[in-house]
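Q: So you can see what is in the structure, the chains are spelled out below.
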Amino acid sequence: MYRKHRLEVDPLREQPSPREEGRRLKKPPDFLRIDLAAIKPFHETLRYGHAVGRIKAQEMKLLLSHHVGRLIEADFDEALHILGEVEMGDYLAGARTARGVDDGLINYLHDLYEFLRDALPQDSVLFEFFHCRYDFHNLKVLLKAARDGTPEDALLTRLGSMDLEVLRRGVEHPVELPSPYKELVLELEGRDLSPQELETLIDGCFLRYRLFLARHEGSAFMEELARAAIDLSNLKAILRARRLGKEREAAQRGLVEGGYIPTGYLLELYGDTDDVMVKKLERTRYPARLLDFLLEEEKPSLSDFDRRSDDYIMDLLRASRRISVGVEPVFSFVRARENEVTMVRMILMAKLHNLAPEAIEKMLRKLYIE
Amino acid sequence: MSATFGGLSGLHWALLGAAFAVIGGGSGSAMGITYIANVAGGILTDLPERFGPLLPLVVIPGTQGIYGFITGVLVAFVMKPGSGWEALPGWVGFQIFLACLPVCFVCFVSGAYQGLTSAGAAGMVAKRREEMGRALVLPALVETYAVLSLIITILYFFVVIRPFYSTLGI
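Those sequence lines, one after another, are chains R and L. With the first letter of the first sequence counted as 1, position 130 gets the number 130 in the numbering used here; the numbers rise by one all the way through. In the numbering used here, each residue carries its 1-based index in the second sequence increased by 1000.
Among the hints, a few may not be true.
What the hints assert, rightly or not - Here chain R is said to cover these stretches of chain L; the calculated rule only asks that three of the stretch's residues, wherever they fall, bring their Cβ under 8 Å from a Cβ of chain R: (1) 1095–1109; (2) 1112–1119.
As the list claims (entries may be wrong) - Computed beta-carbon distance windows for the label pairs: (3) L1138/L x R169/R: 43 to 49 Å; (4) F1158/L x L64/R: 55 to 61 Å; (5) P1056/L x D75/R: 30 to 36 Å; (6) R322/R x L1098/L: 38 to 44 Å; (7) L1138/L x A359/R: 44 to 50 Å; (8) V1147/L x D304/R: 37 to 43 Å; (9) D306/R x P1056/L: 45 to 51 Å; (10) Y260/R x L1138/L: 47 to 53 Å.
To be verified - Keeping only pairs whose Cα atoms sit at most 30 Å apart, straight-line, the calculated BS3-like set for lysine-lysine is: (11) K1127/L x K366/R; (12) K1080/L x K61/R; (13) K280/R x K246/R.
Rather than coming from a laboratory, the hints here were simulated on the basis of the structure. Glycine included, C-beta positions come from ideal geometry on N, C-alpha and C.
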């Protein structure tokens, strides 16, 4: 499997997309200018109509809240039986261990991405938008292994769009890698970084690359999600740094530019008390409920912030359901399926470790379709 | 009475109107059908048994093209072929041209938008076959305006323009 979509520009630098550049070079005379916003619904229907049709046929097979309710109460075997009612069940039949569950879910995701590749128009970056996460993950594992000699095989995922051998060679010879991986490896070459710093840099590059892809696609919806993901990642970095009592400069290194909240404003939050931080967050586009768990007496872990972040993103996706044809329903469907995988994995792992239903319920995310 | 109007004869104006109506209606329908067929094609890839319920949704934007065609044929009838229509005064031809414009524009726009509405409604049919009736109502509402434009065009032809003919001795 290899990347179908190659970008000709360096996505790590701020620059206009090739489409924008083309527009600048071949500017039509005023009387020939067409208001693109006015024809967008027609253009999007032509571009994503087939993919939307295919996902509409698949939406019936999504996990619903009544399935989740029963999954929480069931034991492991019953849970697998309940999952048999949806598509995921075929992939998990016979799973008995954590490894079996992971393998089944990876196969499920693999088929989901193949479905996406098949349904999307050739020039869409949506496939790359979802897949690049795994390529960055694999690159991270390989770079860490090359620096520290840590074992890599168990951590690598086959969900990436780039062949693992290409990535392995690319770690040695970065010029063989496509953008933005080439620029990233070249940037990291010769630098003495701790594993945490390495991870922060790669994650930052991943988030900026997704923002670049969203802008390249010209979708305001994708851009909003990519920028929200940067903000949520920044907020998490601030919370983690506060919790670990790190210096302000250390917190600053974990921040990524490109979100809606300026990094300077986030650094101001760093020195504030919890209640001031929650109040200041209210002044941004994000709801205070993202951070109000900080005000509780018993401080929960950062995983609670992850859950709230995922729920916030799910609210954005749900809002896009009013758009019947376009990139939005396709994007939301894939994200909903990924969310399903996260939930099912959580539930099944909890069952394997005999967690109480109440504890499982606290960890669960919102569903795309209630 | 001038045989031409704006440099064109009555026959030329009338044919121009008919051509506009056919082009507008046909283009709108072609666009609309393309949009819904795109989505329906996607649904049918995974659910071929939905062909029956989806077919009316695919067909419905095609009606605008039919209205354009009807308008084109009516122009020929309004001109009364074989009874001196070559001598149709320019200003009467221009009236026929104007009468064709409602169908031309409304069918072009409504055909395309009906395709979009049908594409949205197709999602309902994909999920639940029994929703076909409700799904069909939504694009049918867009149809209303195409029908109204055709009615207006017909009214212009037979209530406003034809009565002039007797005064002209055609």
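Q: Each hint needs a verdict: does it hold in this structure or not?
A: Comparing the hints with the structure gives:
With 0 residues having a beta carbon nearer than 8 Å to a beta carbon of chain R, the segment 1095–1109 of chain L misses the requirement of three or more and the stated coverage is violated. Coverage of a stretch by a chain is defined here by at least three residues with a beta carbon nearer than 8 Å to that chain's beta carbons; for the segment 1112–1119 of chain L and chain R the count is 4, and the condition holds. Judged by the Cβ atoms, the range 43 to 49 Å given for L1138/L and R169/R is violated: they are separated by roughly 54 Å. The hinted range of 55 to 61 Å is satisfied by F1158/L and L64/R, whose Cβ atoms lie roughly 57 Å apart.
Look at P1056/L against D75/R: about 48 Å separates their beta carbons, and that is not inside 30 to 36 Å. A hinted range of 38 to 44 Å for the beta carbons of R322/R and L1098/L is consistent with their spacing of about 39 Å. Between L1138/L and A359/R, the C-beta spacing of about 45 Å keeps the proposed range 44 to 50 Å intact. A beta carbon spacing of about 57 Å between V1147/L and D304/R contradicts the range 37 to 43 Å that was offered as a hint.
In this structure, D306/R and P1056/L meet the distance hint of 45 to 51 Å, their C-beta atoms being roughly 46 Å apart. A hinted range of 47 to 53 Å for the beta carbons of Y260/R and L1138/L is inconsistent with their spacing of about 35 Å. Between K1127/L and K366/R the alpha-carbon distance is near 21 Å, which keeps this suggested pair within the 30 Å criterion. Under the criterion of a C-alpha separation no larger than 30 Å, the hint pairing K1080/L with K61/R is inconsistent with the structure, at around 61 Å.
This hinted pair checks out: K280/R and K246/R have alpha carbons roughly 21 Å apart, not beyond 30 Å.
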